[in-house]
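Asker: For the record, the sequence lines run as chains A and B.
With our numbering applied, the first sequence covers 6 to 511.
With our numbering applied, the second sequence covers 6 to 511.
Careful, some of the hints might be misleading.
Treat identical chains as interchangeable: a pair holds within one or across any two.
[Claimed, not checked] No farther apart than 25 angstroms at their CA atoms in a straight line, the calculated lysine-lysine pairs in the DSS-like style are these:
{"no.": "1", "residue 1": "Lys-36", "residue 2": "Lys-509"}
{"no.": "2", "residue 1": "Lys-137", "residue 2": "Lys-451"}
{"no.": "3", "residue 1": "Lys-101", "residue 2": "Lys-385"}
{"no.": "4", "residue 1": "Lys-231", "residue 2": "Lys-247"}
{"no.": "5", "residue 1": "Lys-36", "residue 2": "Lys-315"}
Because the hints were derived from the structure by calculation, they are not lab data.
Read off the chains here:
There are 2 protein chains.
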Amino acid sequence: MTLQPILIGGQWRAANATSSFHAENPATGEKFSEAYPVSSWADCDAALNAALAAAEILRTVPPEQLAKFLTRYAERIDARKTELAEIAHAETALPKAPRLADVEIPRTTNQLRQAAAAALDGSWALPTIDAKLNIRSLLAPVGPVLAIGPNNFPFAFNGVAGGDFAAAIAAGNPVIAKAHPCHPRTSQLMAEEALAAVTETGLPPATVQMIYRTSREDGLRMAADKRLGAIGFTGSRDAGMKLKAAADAVGKPAYLEMSSINPVLILPGALAERGEKLVEEFGASCLMASGQFCTSPGLVILFAGADAEKFIAGVKAKLAATAPATLLSSGVAQSLAAGVKTVQAAGAELVAGGLPLAGNRFANTVLRASGEQFLSSPEKLQTEMFGNASLVVVVRDAAQAAEILAHLEGNLTGSIYSATNGADESLYEKISPPLRQRVGRLLNDKMPTGVAVTAAMNHGGPFPATGHPGFTAVGFPASMRRFAMLQCYDNVRPHRLPPALRDKKV
Amino acid sequence: MTLQPILIGGQWRAANATSSFHAENPATGEKFSEAYPVSSWADCDAALNAALAAAEILRTVPPEQLAKFLTRYAERIDARKTELAEIAHAETALPKAPRLADVEIPRTTNQLRQAAAAALDGSWALPTIDAKLNIRSLLAPVGPVLAIGPNNFPFAFNGVAGGDFAAAIAAGNPVIAKAHPCHPRTSQLMAEEALAAVTETGLPPATVQMIYRTSREDGLRMAADKRLGAIGFTGSRDAGMKLKAAADAVGKPAYLEMSSINPVLILPGALAERGEKLVEEFGASCLMASGQFCTSPGLVILFAGADAEKFIAGVKAKLAATAPATLLSSGVAQSLAAGVKTVQAAGAELVAGGLPLAGNRFANTVLRASGEQFLSSPEKLQTEMFGNASLVVVVRDAAQAAEILAHLEGNLTGSIYSATNGADESLYEKISPPLRQRVGRLLNDKMPTGVAVTAAMNHGGPFPATGHPGFTAVGFPASMRRFAMLQCYDNVRPHRLPPALRDKKV
Chain A
6 MTLQPILIGG
16 QWRAANATSS
26 FHAENPATGE
36 KFSEAYPVSS
46 WADCDAALNA
56 ALAAAEILRT
66 VPPEQLAKFL
76 TRYAERIDAR
86 KTELAEIAHA
96 ETALPKAPRL
106 ADVEIPRTTN
116 QLRQAAAAAL
126 DGSWALPTID
136 AKLNIRSLLA
146 PVGPVLAIGP
156 NNFPFAFNGV
166 AGGDFAAAIA
176 AGNPVIAKAH
186 PCHPRTSQLM
196 AEEALAAVTE
206 TGLPPATVQM
216 IYRTSREDGL
226 RMAADKRLGA
236 IGFTGSRDAG
246 MKLKAAADAV
256 GKPAYLEMSS
266 INPVLILPGA
276 LAERGEKLVE
286 EFGASCLMAS
296 GQFCTSPGLV
306 ILFAGADAEK
316 FIAGVKAKLA
326 ATAPATLLSS
336 GVAQSLAAGV
346 KTVQAAGAEL
356 VAGGLPLAGN
366 RFANTVLRAS
376 GEQFLSSPEK
386 LQTEMFGNAS
396 LVVVVRDAAQ
406 AAEILAHLEG
416 NLTGSIYSAT
426 NGADESLYEK
436 ISPPLRQRVG
446 RLLNDKMPTG
456 VAVTAAMNHG
466 GPFPATGHPG
476 FTAVGFPASM
486 RRFAMLQCYD
496 NVRPHRLPPA
506 LRDKKV
Chain B
6 MTLQPILIGG
16 QWRAANATSS
26 FHAENPATGE
36 KFSEAYPVSS
46 WADCDAALNA
56 ALAAAEILRT
66 VPPEQLAKFL
76 TRYAERIDAR
86 KTELAEIAHA
96 ETALPKAPRL
106 ADVEIPRTTN
116 QLRQAAAAAL
126 DGSWALPTID
136 AKLNIRSLLA
146 PVGPVLAIGP
156 NNFPFAFNGV
166 AGGDFAAAIA
176 AGNPVIAKAH
186 PCHPRTSQLM
196 AEEALAAVTE
206 TGLPPATVQM
216 IYRTSREDGL
226 RMAADKRLGA
236 IGFTGSRDAG
246 MKLKAAADAV
256 GKPAYLEMSS
266 INPVLILPGA
276 LAERGEKLVE
286 EFGASCLMAS
296 GQFCTSPGLV
306 ILFAGADAEK
316 FIAGVKAKLA
326 ATAPATLLSS
336 GVAQSLAAGV
346 KTVQAAGAEL
356 VAGGLPLAGN
366 RFANTVLRAS
376 GEQFLSSPEK
386 LQTEMFGNAS
396 LVVVVRDAAQ
406 AAEILAHLEG
416 NLTGSIYSAT
426 NGADESLYEK
436 ISPPLRQRVG
446 RLLNDKMPTG
456 VAVTAAMNHG
466 GPFPATGHPG
476 FTAVGFPASM
486 RRFAMLQCYD
496 NVRPHRLPPA
506 LRDKKV
């Protein structure tokens with residue numbers, strides 16, 4: 006059996022494999038014919054050596070060349086869009102439209118282009134010059150970045166093309182991508198285009214490398230390797246925490262997006278005013294991509310009363326009226342079922358769904374619990390149910406809502422819906438401060454799904470949503486600052502300074 | 006026996022103590038009469054609760070008020086300068102002049118004033134507005150900061166007055182200071198002034214709190230407590246690594262300045278050109294404060310030859326001609342002796358000194374090793390000898406120098422001296438890139454001691470110099486960004502936005 010090659014040092018070459026795997030079509034359950042290698046440490050080691058050598062060269066490459074690469078790569082992805090969407094659809098069951106071809110690929114190439122613009126602009130590095138003392142500093146490339154993408158965005162968060170990739174390269178670092186084993190062929194095609202763009206624009210060949218899988222042990226060994234500059238990871242909390250422990254032990258920056266249930270509070274005035282509209286909004290948001298978004302609204306907090314009951318009944322009907330979609334993989338289906346069971350076992354009552362269906366699907370699910378129940382099992386009732394399931398918590402009053410918020414772990418987002426006539430204002434003032442401290446992005450009158458790629462975005466948040474509350478994984482130039490170290494030049498002779506730190510000619 | 010009180014929630018109150026300790030005059034070995042408490046968890050818990058409540062209020066306090074506090078505190082320290090310097094001198098044996106009264110206290114109050122200016126200016130928070138999408142973000146206070154200062158700067162890095170303190174407060178956070186047990190009375194006097202300034206300027210009483218000591222277990226429990234926003238620490242690698250592990254496990258940002266040997270490379274052209282001057286410069290730098298600086302030059306790399314031998318002989322003479330000063334504590338003296346032994350055991354040869362002297366002093370010490378020796382024990386020969394001891398490594402050629410650099414751990418600083426006539430230029434080009442990636446601050450023709458408080462400073466560096474290569478502990482506004490979380494506002498109604506994110510009136 007021939008294994009698919011890995012991309013090391015500018016070459017597609019045979020892996021030093023310990024075993025192999027096949028991806029599978031989640032809609033049909035059939036395995037694809039291509040066999041992919043599980044790399045041994047020898048492959049990791051080779052990638053790290055090549056990346057280290059590339060990093061040295063990249064530090065001397067002008068931003069114009071990085072920008073040219075990012076732009077050419079975007080153009081090449083655009084040119085191959087139809088094929089890419091086709092393959093990603095087969096590997097993930099995500100629809101081609103609306104989604105892969107018309108939303109996610111354009112988003113991905115837009116990210117690459119924004120990264121190119123940010124590299125050219127240069128202000129991301131916060132160059133600071135004290136001419137009097139002749140002390141100067143800026144953010145500079147940190148070194149090879151290990152980029153590990155998730156299952157749910159085969160393009161926009163792919164280690165070889167997504168946000169971490171674009172940010173790392175734009176900041177001047179080579180990337181070692183670990184493809185997600187659910188969509189290896191998609192990743193392979195992207196890596197082909199990346200390599201072609203690397204060659205076209207004259208970057209060091211090892212600027213982009215890719216492997217498919219390693220043993221868990223080798224993955225952690227890589228995370229702690231001194232040749233690595235930093236890690237960008239999007240995925241499960243379990244895997245993220247293991248990577249974090251390995252990287253933390255040796256002081257390696259690891260930027261991890263791990264888990265989030267994205268609380269949505271609907272205040273009584275809003276519910277009274279536009280309850281039916283909110284049922285529609287919430288239903289659409291929680292079923293979008295079958296709930297397989299990091300920002301899917303997994304927890305809704307309502308105030309007890311007839312309007313809350315009407316909302317829950319409305320959601321139940323909406324969920325029943327929508328056909329459950331195929332999930333990304335059998336693994337996702339299983340972990341969703343386990344999550345729902347945990348939440349039920351902690352006292353939540355099933356309102357709709359709750360059962361696995363044929364073909365990697367799960368019934369659209371909503372559960373409910375009282376504020377008292379939540380407060381008696383706050384940890385278990387915050388279990389992430391990644392997929393089409395949400396928990397509604399019905400609270401007694403503002404004090405109980407605030408108490409619940411004080412028990413929330415860190416999240417990527419938190420939303421508050423309030424009445425347009427000001428009726429909820431005093432309630433908002435009470436509950437927004439505790440929510441604000443626990444989320445990276447606070448929304449008003451808006452569901453959390455949909456993460457705009459803008460300089461003002463924060464796709465990040467307090468632990469365990471991510472590993473550090475000061476950084477965002479989406480948005481330029483801020484996301485680039487993750488893959489940088491602060492470098493100061495003290496009394497360094499003018500001709501030895503990086504261009505951005507030289508005295509401006511008058 | 007009455008124990009000195011601790012500062013909790015705006016009150017000097019009796020500690021819930023598990024035991025007590027006395028500080029000691031390092032010059033005389035005599036214990037001071039005041040007994041200080043080792044706090045139980047109850048004290049930590051009370052401080053955390055009070056800090057959490059203060060943090061909520063501080064988030065609504067305008068920057069003008071924070072700036073007023075910082076300025077008033079600086080004025081109060083200046084007014085009590087003579088007494089403070091007197092007491093710090095008794096507790097640390099550091100000279101009053103030149104040092105405590107005329108250098109360190111002015112530096113400390115200057116830092117507080119720079120922090121005030123940075124708080125007022127507001128640009129530290131990198132406010133970013135996407136008016137079209139109505140998405141806005143800024144860095145915001147992260148929550149209560151535990152500030153743990155070192156033994157070697159009783160003012161400028163004190164948890165209750167130093168750089169971490171000033172940065173944390175200016176960013177809008179309350180501080181829980183842990184005084185260093187070597188200078189508790191100095192810290193107590195500072196805390197008195199801090200509390201007076203808090204009261205005068207109407208900040209929440211728990212904005213500044215202070216305890217003296219805890220058990221190691223309670224200290225680590227505090228580091229991992231969910232009420233805490235972040236940690237600022239300067240001290241030993243051993244203590245720092247334990248704090249880091251505790252904080253990392255729960256995703257708590259910990260900014261740690263731990264250890265650094267600050268390599269200095271003197272290239273052959275420079276040595277030939279101005280060898281005697283360099284002996285003076287190096288001798289002064291490595292004996293400054295008896296080498297008890299984080300940036301003390303602990304490793305010098307020379308190229309083999311007559312000039313190198315002359316330099317070493319010159320340093321030997323210079324060290325012999327200078328009287329060894331009293332070290333900060335018996336602990337410092339012991340660990341310095343142990344460090345020197347480790348370096349000797351790894352093959353370095355004693356050139357001068359090497360022995361403990363009466364009165365917490367240590368003979369001015371320099372050791373030497375060849376490049377081969379260094380490469381055969383790179384870890385042990387990088388042992389930090391905190392105090393008046395340095396290692397000179399004599400290398401064969403540029404390739405060996407580069408190999409040594411590749412084995413260096415992360416450091417705060419790295420210096421390169423080169424000839425003024427360009428003779429060292431190609432050598433500089435070879436060795437500066439590997440050094441650059443391993444240090445936070447690269448210097449030319451300058452010793453690393455002396456850390457200017459300027460916006461362009463980086464007092465930070467790759468692990469294990471610090472815990473994260475992206476941040477500086479000195480310099481405003483950059484140092485404030487450590488004590489912040491990124492907060493995004495998505496579609497939030499205008500009147501609910503923080504002032505810095507509102508649309509500017511045209």
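Asker: All hints are to be evaluated individually against the structure, with a verdict given for each.
Answerer: Structure-based check of all given hints:
1. Proximity of Lys-36 and Lys-509 under a CA criterion of 25 angstroms is satisfied in neither setting, with 60 angstroms inside one chain copy and 57 angstroms between copies.
2. Taking CA atoms no more than 25 angstroms apart as the test, Lys-137 paired with Lys-451 passes between copies only; the shortest distance there is 16 angstroms, against 49 angstroms inside one copy.
3. In the homo-oligomer, the alpha carbons of Lys-101 and Lys-385 never lie at most 25 angstroms apart, since the shortest distance is 35 angstroms inside one protomer and 58 angstroms across protomers.
4. In this assembly of identical chains, Lys-231 and Lys-247 lie within 25 angstroms of each other by CA distance both inside one copy and across copies; the values are 17 angstroms within and 21 angstroms between.
5. In this assembly of identical chains, Lys-36 and Lys-315 lie within 25 angstroms of each other by CA distance neither inside one copy nor across copies; the values are 44 angstroms within and 73 angstroms between.
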